[in-house]
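2 protein chains.
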Amino acid sequence: MKLHWSPRSPFVRKVMIVLVETGLSDRVTLVRTPVAMDKPNLDLVADNPLIKLPTLVLDDGVPVYDSRVICAYLDCLAGGRLMPEEPRARLVAERRQALGDGFLDVLLLYRQERNKPVEKQTAAWLDAFALKVRAVLDTLEAEAPALAEPGFDLGRISIGCALSYMDYRFPDVDWRSGHAALAAWHAAFEQRPSVVRSQPDETP
Amino acid sequence: MKLHWSPRSPFVRKVMIVLVETGLSDRVTLVRTPVAMDKPNLDLVADNPLIKLPTLVLDDGVPVYDSRVICAYLDCLAGGRLMPEEPRARLVAERRQALGDGFLDVLLLYRQERNKPVEKQTAAWLDAFALKVRAVLDTLEAEAPALAEPGFDLGRISIGCALSYMDYRFPDVDWRSGHAALAAWHAAFEQRPSVVRSQPDETP
Chain A
5 MKLHWSPRSP FVRKVMIVLV ETGLSDRVTL VRTPVAMDKP NLDLVADNPL IKLPTLVLDD
65 GVPVYDSRVI CAYLDCLAGG RLMPEEPRAR LVAERRQALG DGFLDVLLLY RQERNKPVEK
125 QTAAWLDAFA LKVRAVLDTL EAEAPALAEP GFDLGRISIG CALSYMDYRF PDVDWRSGHA
185 ALAAWHAAFE QRPSVVRSQP DETP
Chain B
5 MKLHWSPRSP FVRKVMIVLV ETGLSDRVTL VRTPVAMDKP NLDLVADNPL IKLPTLVLDD
65 GVPVYDSRVI CAYLDCLAGG RLMPEEPRAR LVAERRQALG DGFLDVLLLY RQERNKPVEK
125 QTAAWLDAFA LKVRAVLDTL EAEAPALAEP GFDLGRISIG CALSYMDYRF PDVDWRSGHA
185 ALAAWHAAFE QRPSVVRSQP DETP
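These protein sequences, in sequence, are chains A and B.
Under the working numbering, the first residue of the first sequence carries the number 5, and numbering increases by one thereafter.
Under the working numbering, the first residue of the second sequence carries the number 5, and numbering increases by one thereafter.
Just to be clear, a hint being listed does not mean it is correct.
Identical chains blur together in the list; that is why a pair holds if it fits in one copy or across any two.
In silico BS3-like links for lysine-lysine, alpha-carbon gap of 30 Å or less [stated by the list, open to error]:
#1 K124 - K43
#2 K43 - K6
#3 K120 - K43
No lab work stands behind these hints, which were simulated from the structure alone.
Please read these numbers as outputs of a predicted model, since none were measured by experiment.
Chain A on its own, in the form it takes in the complex (with noise of 0.2 Å):
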């Protein structure tokens, strides 16, 4: 399979954590395939029209997109061990992916808000993406004791790589600060291999 990737997309790093988690990162050839909002990478057309990461293509040439279908295709290859069986906690875990892929996205929007020059930037855009991401840290943290019972899944995974993005691009904004329970949570996350190896690399 080929892995359309970049090393700094959140949303690749989803996929690249469940590529160690599942033990496949051998069947994957990685392809560095750069997009940028203002700079779409005409290359990645045939495998996806939106352009966007990650693109995967299977070895007969079928494309899975988006994170979200790659990570559960990927899981199901090696055995479903990343989306609990039991209905109620599957959805709980798929609301949580949606949190964290929502959160991701709200994070990318807002960063791309406001590294405008200040003449094209909304100011109520900018006070809305601090509104939501307020908002999503406070649900966070009362879902925290939650999040530290055991299991992984691809609803944490989400979330932990929606929070290390968020130290990534936004080191400005102190968000452990009244999330005491989230941070540790998060702490925690971060120590997996998984997480360790999939870093965001700035090697241009």
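Starting from the known structure of chain A, fit chain B onto it as the hints suggest.
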């Protein structure tokens, strides 16, 4: 169950279609919950800190989001007829759902960008959105014969909703030109009772 709802959200429309297709409409109470990028609705925070629609709340208070998780949950409640069981067919349907959802994400951002005052717009983004729309339409045109095969699933629902959203919010874009097979598939999609019943509504 309670569904935070708006009559013009294309992601809500996916859920409304699934409710009709599964016969579960009577099980859900619709709660009109306006959201806008620049006016976060604080009433929604307790159920979904991302402040996004659709958000479903189960009778015991458990929140379920995003649209993909809600649709899978409802389909599962009703016996799972909207997702193929055979693994390869399921993977295709999941990739199509991600394509439709990603297409909608592009269209929502595109609309927000072009509705801004010109001096706040970023030309490279508008160009990138237009390029992605063309790339997605070309991919879907190539896939139209497969879409037209028997079967109706969450992938087709998502793609159909995205094309209907183009008609609704981008009436100036003649997407049918050069995409005749896709246009024919979409015309049939729009005949389905579940799709007819979930038309966007301009009621304030």
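Hint check:
{"no.": "1", "hint": "K124 - K43", "in the structure": "both (18 Å within a copy, 19 Å between copies)"}
{"no.": "2", "hint": "K43 - K6", "in the structure": "within (22 Å within a copy, 41 Å between copies)"}
{"no.": "3", "hint": "K120 - K43", "in the structure": "both (15 Å within a copy, 21 Å between copies)"}
In this structure, none of the earlier numbered hints is contradicted; all agree with it.
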